[in-house]
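Sequences are here, hints too, so could you generate the full structure?
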Amino acid sequence: MEEEGMVKREGRLTLVLALATLISAFGSSFQYGYNVAAINSPSELMKAFYNETYFDRTTYYLSDFSLTLLWSLSVSMFPFGGLVGSLMVGFLVNKLGRKGTLLLNNVFSIVPAILMGSSEAIHSFEIIILSRLLVGICAGLSSNVVPMYLGELAPKNLRGALGVVPQLFITVGILVAQILGLRNLLANEEGWPILLGVTGIPAAVQLLLLPFFPESPRYLLVQKKNHEAARKALKRVRGWDDVEEEMEEIQLEAEAEKAAGFISIVKLFRIRSLRWQLISIIVLMGGQQLAGVQIYYYADEIYKNAGVAEDDVQYVTAGTGAVNVAITILAVFVVELLGRRILLLLGFSICCSACCVLTAALVLQTTISWMPYLSIACVLIYVIGHALGPSPIPALIITEIFLQSSRSSAYMVGGSVHWLCNFSVGLLFPFIQEGLGPYSFIIFGGVCFLTTAFVFLVIPETKGKTFMEINQTFAKRNHVSEVYPENEELKEIPEERKKLPEEMELPEETELPGEWKELPGKQKELPEKLKSVSEELNLVSEGLKELPEEVKSALEGLKEFPEELKSVSGGLNELPAKLQTVSENLRAVSEALKAVAEERPEELKELSPSASEQ
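Start counting the sequence shown at 11; every next residue gets the next number (the working numbering).
Take the hints with a grain of salt, since some may be wrong.
[Said to hold, decoys possible] Derived pair list, reagent style DSSO-like, types lysine-lysine, alpha-carbon separation capped at 27 angstroms:
#1 Lys57 x Lys105
#2 Lys475 x Lys486
#3 Lys57 x Lys277
#4 Lys486 x Lys473
#5 Lys473 x Lys245
#6 Lys235 x Lys475
#7 Lys235 x Lys105
#8 Lys277 x Lys234
#9 Lys245 x Lys105
#10 Lys234 x Lys475
#11 Lys235 x Lys245
#12 Lys314 x Lys105
#13 Lys245 x Lys475
#14 Lys105 x Lys277
In short, the hints are calculated from the structure, not lab data.
In structure tokens form, the structure reads like this:
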């Protein structure tokens, strides 16, 4: 029975989890891929629209430089918006939650979809440039938040498969844009505004349906401290009521991070225990974008050189997109079988080999007749390799190697590296291609080789491990004893508090002021001395009959005795419990005095009233 329970707790793909994955990926990740490719097919039609609109305003056309500049702005606003969106991730996911951020993100898709769809009707190309910035922000947020959301919803045995789904929908978005961008569909004078406006449909679907699905349980428990809401969300996602084991695992993560609090980007770069995790995401995200994805820009020319008719190149390009989708679907199923590390090593190795062979094929394609076909094969092999590991795995790795308090900042860093590299390479690649020609792919091959070596030496396998187990693995590489060693002094506070009572007992080695050093010995002598005092008082009472004057003077001396008793009593408050016997002996003295008064009333009448009171 125990083994059956353990199998049950491994997690399964419930209906709620499956729908939450599909809706969030379709509503957000799909738009990223779609907007990457949607602007490529109608590019010439849109340039003509820019020129005609400017002519209608000024009665003369744009210069070639001005037109190129406007088009470059239209293209580059998307990755720039992606960078802006990545920098917004940390604040939004901590303030609104993962699901709340995805719902807000729909604004950055629906509004620009309406603007781009109506741009031709209102004769404004500026709206298109602004809209590209807004959909870029949408892509920047979705490329970070969706993997984070799904990674925190998924059980550890499905985390890899569900973590690849966002990349799958990115490739589906690219493919759909390529198909709708065929010239006999929407890539024509009447259809291109519709092609740009389609991006609002997935956002509307997500805005309507996602509110019915749970927020990330980890966010609810670790950051919102809402145990009941987290437990309820876990029960819905897992499909059973016994979620205490997973609640304990999340609580363990929360306890490990309690003193750390929210880790900002600045703090992320300073913490030694997160050093190799941070280096890893920078290398993986940079390698993903610098590994040669610009091969797609070169693909059309490669197809033409291989003899593909110009009108048919668009279909071959769409076929390449279909291969990308198919391999990404394969990655969804093999990521939990082979592991993340193997897919990264295999993917970057394939990309490295494809870039090197493609360079040789492009150099020799004018001298050897079959080289153009080898070039097409290299493009397809590269697409397969990139879709297998470099495209889907890095975002998944960020979710797994960082804990809750640092995850949002880590996604901000990874997303910023992603979009900066995307923007930089898109800007510089035309100049690299012009300067180096086919040899430009040697640079990308070198990046793939270095990234492969880094993965082999540094990145551990994370398949089937909890977030705490993964971070403990990195703790060894960072040469620290705990996940957050900076809090070790805080962990020692309870031990110090345990020592306080012992210190208050004043052990023998403790140095005391000189007058206090005599106290322990005098404590033992006090009872004997008080006994002698009592005996002397008895002798005084016996002599009262014969010595009234002496008794009177003795009683006068007793006026000062209570003051001495007060000082003794004050000292007793500071002495250990053994000194309580002093008080008992003093009570005995008082009783003796009463006895004296009862036995010699006549003599006491002659005393002054004050003496009698004493």
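Verification of the supplied hints:
1. Lys57 x Lys105: Violated, at about 41 angstroms.
2. Lys475 x Lys486: Satisfied, since the Cα-Cα distance of roughly 16 angstroms is no more than 27 angstroms.
3. Lys57 x Lys277: Not satisfied, since the Cα-Cα distance of roughly 46 angstroms exceeds 27 angstroms.
4. Lys486 x Lys473: 18 angstroms, holds
5. Lys473 x Lys245: Distance ~23 angstroms between lysine 473 and lysine 245 Cα, so the pair holds.
6. Lys235 x Lys475: Satisfied, since the Cα-Cα distance of roughly 24 angstroms is no more than 27 angstroms.
7. Lys235 x Lys105: Distance of about 14 angstroms is within 27 angstroms: holds.
8. Lys277 x Lys234: 21 angstroms, holds
9. Lys245 x Lys105: Roughly 24 angstroms between the alpha carbons, so the hint for lysine 245 and lysine 105 holds.
10. Lys234 x Lys475: 25 angstroms, holds
11. Lys235 x Lys245: Between lysine 235 and lysine 245 the Cα gap is close to 17 angstroms, so the pair holds against 27 angstroms.
12. Lys314 x Lys105: 51 angstroms, violated
13. Lys245 x Lys475: With a Cα-Cα distance of about 21 angstroms, the restraint between lysine 245 and lysine 475 holds, given a limit of 27 angstroms.
14. Lys105 x Lys277: 19 angstroms, holds
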